Amino acid sequence: MRKYLSIYKATLLEELQYAKGMFLSFIGTGIHIFIFFALWKYLYSSGEKSIISGYTFAQMIWYVTFTEFLTSFSSSNIVRKTPTSDIVSGNIAYTINKPYSYTGYIFSRFFAESTIKMIINLLCSILLGIILIGPLNTFQIKYLPLIILIMFLAVIIASLIRLIISYFSFWIENSEPFQWLYKTVFLIFGVTFPLEVFPVWLQPVIRYSPVYAAVSGPVKMLVNFNINEFYGVLVSQLFYVFILVLIITIEYKKGVKKLNVNGG
Amino acid sequence: MSSVNIIEIKHLSKTFKIKEKEKGFKGSLKSIFKPKYKIKKAVNNLSLTVEKGEVIAFIGPNGAGKSTTIKMLTGILTPTKGEAIVAGINPAKQRKKLAYKIGTVFGQKEQLWTHLTPYDNFKFFGAIYDLKDYEIERRIKELNDTLELDEFINTPVRNLSLGQRIRCEIAASLIHKPEILFLDEPTIGLDPVVKENIRVLIKRMNKEFGTTIFLTSHDVGDIEKLCKRVVIINDGKVVLDDTMQNLKYNYLNRKIIEVKMKEKVNLDDEDGITILKDKEYNLKLSIDVSKKSVADVIKLLNTDKIIDINISNEPLENIIANIYKGSKK
Amino acid sequence: MLTEVKNQFKVSLLSIKYSILRSMINKSSFLFSVLLMFISNASFLVQWIIILSVSDGADLSMKQILFLWGIMAGAYGLSNIIFCGVHYLPQYIISGKLDAYLVQPKSVLISIATSQTSMSAFGDLLYGYAVVLIASPSVITFLYASLFIITGAIIYACFVTIMYSLLFFSINFRDLVTTLTRIPTSFGTYPENIFSGVLKVLLYTIFPIGFIVYLPVRVLLTNNILIALIVILFTIFMVVFAFVMFNMGLKRYSSTNLMNARV
Numbered sequence: 000m001r002k003y004l005s006i007y008k009a010t011l012l013e014e015l016q017y018a019k020g021m022f023l024s025f026i027g028t029g030i031h032i033f034i035f036f037a038l039w040k041y042l043y044s045s046g047e048k049s050i051i052s053g054y055t056f057a058q059m060i061w062y063v064t065f066t067e068f069l070t071s072f073s074s075s076n077i078v079r080k081t082p083t084s085d086i087v088s089g090n091i092a093y094t095i096n097k098p099y100s101y102t103g104y105i106f107s108r109f110f111a112e113s114t115i116k117m118i119i120n121l122l123c124s125i126l127l128g129i130i131l132i133g134p135l136n137t138f139q140i141k142y143l144p145l146i147i148l149i150m151f152l153a154v155i156i157a158s159l160i161r162l163i164i165s166y167f168s169f170w171i172e173n174s175e176p177f178q179w180l181y182k183t184v185f186l187i188f189g190v191t192f193p194l195e196v197f198p199v200w201l202q203p204v205i206r207y208s209p210v211y212a213a214v215s216g217p218v219k220m221l222v223n224f225n226i227n228e229f230y231g232v233l234v235s236q237l238f239y240v241f242i243l244v245l246i247i248t249i250e251y252k253k254g255v256k257k258l259n260v261n262g263g
Numbered sequence: 000m001s002s003v004n005i006i007e008i009k010h011l012s013k014t015f016k017i018k019e020k021e022k023g024f025k026g027s028l029k030s031i032f033k034p035k036y037k038i039k040k041a042v043n044n045l046s047l048t049v050e051k052g053e054v055i056a057f058i059g060p061n062g063a064g065k066s067t068t069i070k071m072l073t074g075i076l077t078p079t080k081g082e083a084i085v086a087g088i089n090p091a092k093q094r095k096k097l098a099y100k101i102g103t104v105f106g107q108k109e110q111l112w113t114h115l116t117p118y119d120n121f122k123f124f125g126a127i128y129d130l131k132d133y134e135i136e137r138r139i140k141e142l143n144d145t146l147e148l149d150e151f152i153n154t155p156v157r158n159l160s161l162g163q164r165i166r167c168e169i170a171a172s173l174i175h176k177p178e179i180l181f182l183d184e185p186t187i188g189l190d191p192v193v194k195e196n197i198r199v200l201i202k203r204m205n206k207e208f209g210t211t212i213f214l215t216s217h218d219v220g221d222i223e224k225l226c227k228r229v230v231i232i233n234d235g236k237v238v239l240d241d242t243m244q245n246l247k248y249n250y251l252n253r254k255i256i257e258v259k260m261k262e263k264v265n266l267d268d269e270d271g272i273t274i275l276k277d278k279e280y281n282l283k284l285s286i287d288v289s290k291k292s293v294a295d296v297i298k299l300l301n302t303d304k305i306i307d308i309n310i311s312n313e314p315l316e317n318i319i320a321n322i323y324k325g326s327k328k
Numbered sequence: 000m001l002t003e004v005k006n007q008f009k010v011s012l013l014s015i016k017y018s019i020l021r022s023m024i025n026k027s028s029f030l031f032s033v034l035l036m037f038i039s040n041a042s043f044l045v046q047w048i049i050i051l052s053v054s055d056g057a058d059l060s061m062k063q064i065l066f067l068w069g070i071m072a073g074a075y076g077l078s079n080i081i082f083c084g085v086h087y088l089p090q091y092i093i094s095g096k097l098d099a100y101l102v103q104p105k106s107v108l109i110s111i112a113t114s115q116t117s118m119s120a121f122g123d124l125l126y127g128y129a130v131v132l133i134a135s136p137s138v139i140t141f142l143y144a145s146l147f148i149i150t151g152a153i154i155y156a157c158f159v160t161i162m163y164s165l166l167f168f169s170i171n172f173r174d175l176v177t178t179l180t181r182i183p184t185s186f187g188t189y190p191e192n193i194f195s196g197v198l199k200v201l202l203y204t205i206f207p208i209g210f211i212v213y214l215p216v217r218v219l220l221t222n223n224i225l226i227a228l229i230v231i232l233f234t235i236f237m238v239v240f241a242f243v244m245f246n247m248g249l250k251r252y253s254s255t256n257l258m259n260a261r262v
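Protein chains in written order, with numbering that gives the first Met the number 0: chain A, 0 to 263; chain B, 0 to 328; chain C, 0 to 262.
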């Protein structure tokens with residue numbers, strides 16, 4: 000464990016230099032949030048509605064702000080591009096002989112980057128939300144520890160899926176299109192709208208999908224906490240963490256084997 | 000006789016303003032609000048003429064102003080002071096017109112489309128220089144004969160060896176029959192055999208097409224084998240402009256003598272002799288032949304006791320390094 | 000003058016052809032990218048079905064959304080097939096590859112713009128035509144769509160060029176400017192009804208998505224030929240503006256060579 004901690008620390012220092020870049024990339028996120036603010040404002044005001052699918056305007060905006068916040072972590076190049084380029088260039092062969100697991104190495108780096116990202120993006124997100132819509136009245140501070148827990152698990156799930164897709168590169172030359180697909184699916188079914196906005200027949204499908212565990216579930220708890228639903232989210236998250244870890248372990252093993260057979 | 004001068008550089012200068020940054024966060028802030036500048040004279044009052052058909056080596060240590068000069072001669076950079084006339088054109092004023100008369104090969108920067116064959120590349124570059132299709136075909140044939148591209152002219156560039164690529168780069172830059180070819184480090188990264196090959200081709204090109212060649216290189220072999228004239232610059236100024244022959248004659252007045260003796264000899268530094276190495280029975284001396292003849296030195300050594308002897312010229316590399324050092328003082 | 004234009008055109012066509020050939024070297028990878036970009040775009044229709052399901056009372060129609068997505072995807076796609084090189088400007092400036100174009104007797108900007116292409120852009124272009132024609136399958140729609148996909152592609156490339164030309168004055172703002180170049184595409188897939196005030200002014204000026212998408216959608220919905228003319232005039236203005244800015248930048252580059260810190 001200590002070696003991963005030292006990778007974490009080293010990356011932390013390295014990434015600190017790029018804090019300015021992260022700040023800039025929040026501009027892009029902020030623009031997305033702003034577009035959704037304009038869209039929902041238009042939709043709420045044009046029908047003179049105060050509630051859509053059980054959400055107030057304020058809850059809807061905070062929902063989008065925090066789904067964007069959550070997805071900003073897993074869009075990191077460390078889980079999305081680094082493994083692919085390591086595999087394609089054959090550099091991964093050097094890391095195989097090292098006394099740590101490659102997946103562990105990637106995650107140590109990912110957590111380091113996420114630490115800095117969290118500080119910057121959390122501040123910016125809260126600031127933007129307050130400017131756009133004002134404080135969120137339905138947020139209850141006493142549930143904060145529980146919310147932090149499921150937020151953390153959500154980031155793990157999303158980044159595991161990203162990494163699983165990156166490891167596709169063991170078999171196919173270009174795994175990037177799958178990353179777009181992931182992004183689009185998550186954007187449409189999780190980031191943009193809460194579960195309740197979708198047609199009734201579609202809701203169960205989304206509820207049991209990783210999209211709910213990694214995005215919409217946890218953020219819903221932030222804007223509108225409910226202890227029963229919380230347990231639902233937690234169980235689903237633990238299930239997906241287990242499954243995804245299993246998949247990535249097998250995938251990596253098979254991938255390396257294939258690499259050895261073909262000589263990279 | 001200015002009509003035969005294909006390049007005329009008069010008092011050319013280029014100064015850069017370099018932003019100076021202090022260390023740390025405070026320094027970064029300071030540089031945003033109150034930037035400090037340092038003036039660097041990359042090229043400093045440089046004058047030079049090159050005659051049509053010459054092969055000239057333009058050399059100097061890193062940061063001497065070589066590439067800044069080439070950039071000014073090819074129209075990439077505009078001079079701060081002075082002017083250059085290349086093939087009768089002022090590069091700073093008529094960049095595009097000049098482009099038809101010059102060719103450039105920048106060793107580390109590829110211009111070719113790597114997924115295409117050299118043939119397709121030549122067609123593309125031909126079109127860039129407004130050549131008609133039949134003209135391009137004719138030219139490709141000529142270049143093919145001179146540069147020996149036959150065996151790989153239809154293989155995609157990415158599958159070619161480094162040496163073959165450079166040959167194609169050179170051919171592509173000659174497609175429009177330029178009057179001058181600027182070669183910046185053309186043999187960098189090549190193995191000795193290929194280097195030699197490229198040198199032969201450059202020489203042939205100079206002879207057959209009469210192309211003036213302006214070459215920069217770190218490789219002494221390139222300079223020695225290709226160029227009749229050498230210009231050395233340092234700190235933006237010409238420190239030496241001479242023929243290769245003179246350079247060798249004036250600076251090659253040193254010989255290196257290495258001997259292996261039966262028994263130890265005692266020899267001290269004296270006028271004209273410098274002892275480079277003295278280890279047991281092995282001795283390495285540097286002789287200034289203008290002060291002491293080789294024969295005299297050998298007599299000093301007691302000829303009966305010599306097991307082995309090797310007399311050689313001082314390598315050109317050392318000579319050039321010494322000139323650089325001298326100009327610094 | 001005329002032969003100069005003709006020669007430039009010939010080189011540009013060749014350059015575009017070679018770029019496209021390069022992107023197709025690996026056929027399966029190419030087709031896969033195109034297909035997935037198509038699917039990825041198409042899935043956004045789900046988003047709009049959801050939005051429209053809760054939009055009672057709002058002035059939004061599926062037809063409008065299809066036109067919007069069609070023109071945006073089409074223009075963005077075409078721009079990134081033909082002029083993808085403009086996105087590489089910062090890289091070319093920093094790596095010194097710009098120098099290679101400066102010693103050629105052709106327009107530096109056009110040479111750079113046509114030197115690259117994007118595989119997935121073909122998926123965008125196909126998708127653009129597909130949805131526009133689904134919304135209104137007619138010859139007139141096809142002609143209008145083609146016109147606006149072309150003007151949009153040109154305006155977008157010019158916008159990116161203008162933004163990156165600022166880098167000639169200080170390369171330090173590379174990341175910020177890169178972020179700014181993405182703004183029009185973010186706004187381009189949402190109808191203009193939802194934006195108002197200062198923002199709307201910005202979308203018709205600095206980030207000219209109004210001329211890339213919003214006005215063309217109005218033409219497709221209302222057949223107003225006057226608006227079409229305005230779009231064409233604006234396109235010409237953008238081309239001139241982009242060349243002026245880029246050439247000013249080049250002049251600056253020739254006198255400072257930006258990378259002077261590494262002489």
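Treat each hint with caution, since some may be false.
Only pairs whose alpha carbons sit at most 20 Å apart, straight line, appear in this in silico PhoX-like list of lysine-lysine [to be verified]:
#	chain 1	residue 1	chain 2	residue 2
1	A	K97	A	K8
2	B	K33	C	K9
3	B	K108	B	K92
4	B	K131	C	K9
5	B	K18	B	K33
6	B	K92	C	K105
7	B	K95	C	K16
8	C	K250	B	K16
9	B	K227	C	K5
10	B	K236	B	K9
11	B	K206	B	K194
12	C	K96	B	K131
13	C	K16	B	K100
14	B	K283	B	K263
15	C	K250	B	K80
16	B	K122	C	K250
17	B	K290	C	K16
18	C	K96	C	K199
19	C	K199	C	K105
20	C	K5	B	K108
21	C	K16	B	K96
22	B	K259	B	K304
23	B	K18	B	K40
24	C	K105	B	K96
25	B	K224	B	K95
26	B	K131	B	K80
27	B	K236	B	K206
28	B	K92	C	K16
29	B	K290	B	K254
30	B	K16	C	K5
31	B	K247	B	K224
Worth flagging that the hints you see were computed from the coordinates, not collected in a lab. Just so we're clear, the structure is a prediction, and the values are computed from it rather than from any experiment.
Does the structure break any of the earlier hints, and which numbers would those be? 2, 3, 7, 9, 12, 13, 16, 17, 18, 19, 20, 21, 25, 26, 27, 28, 30
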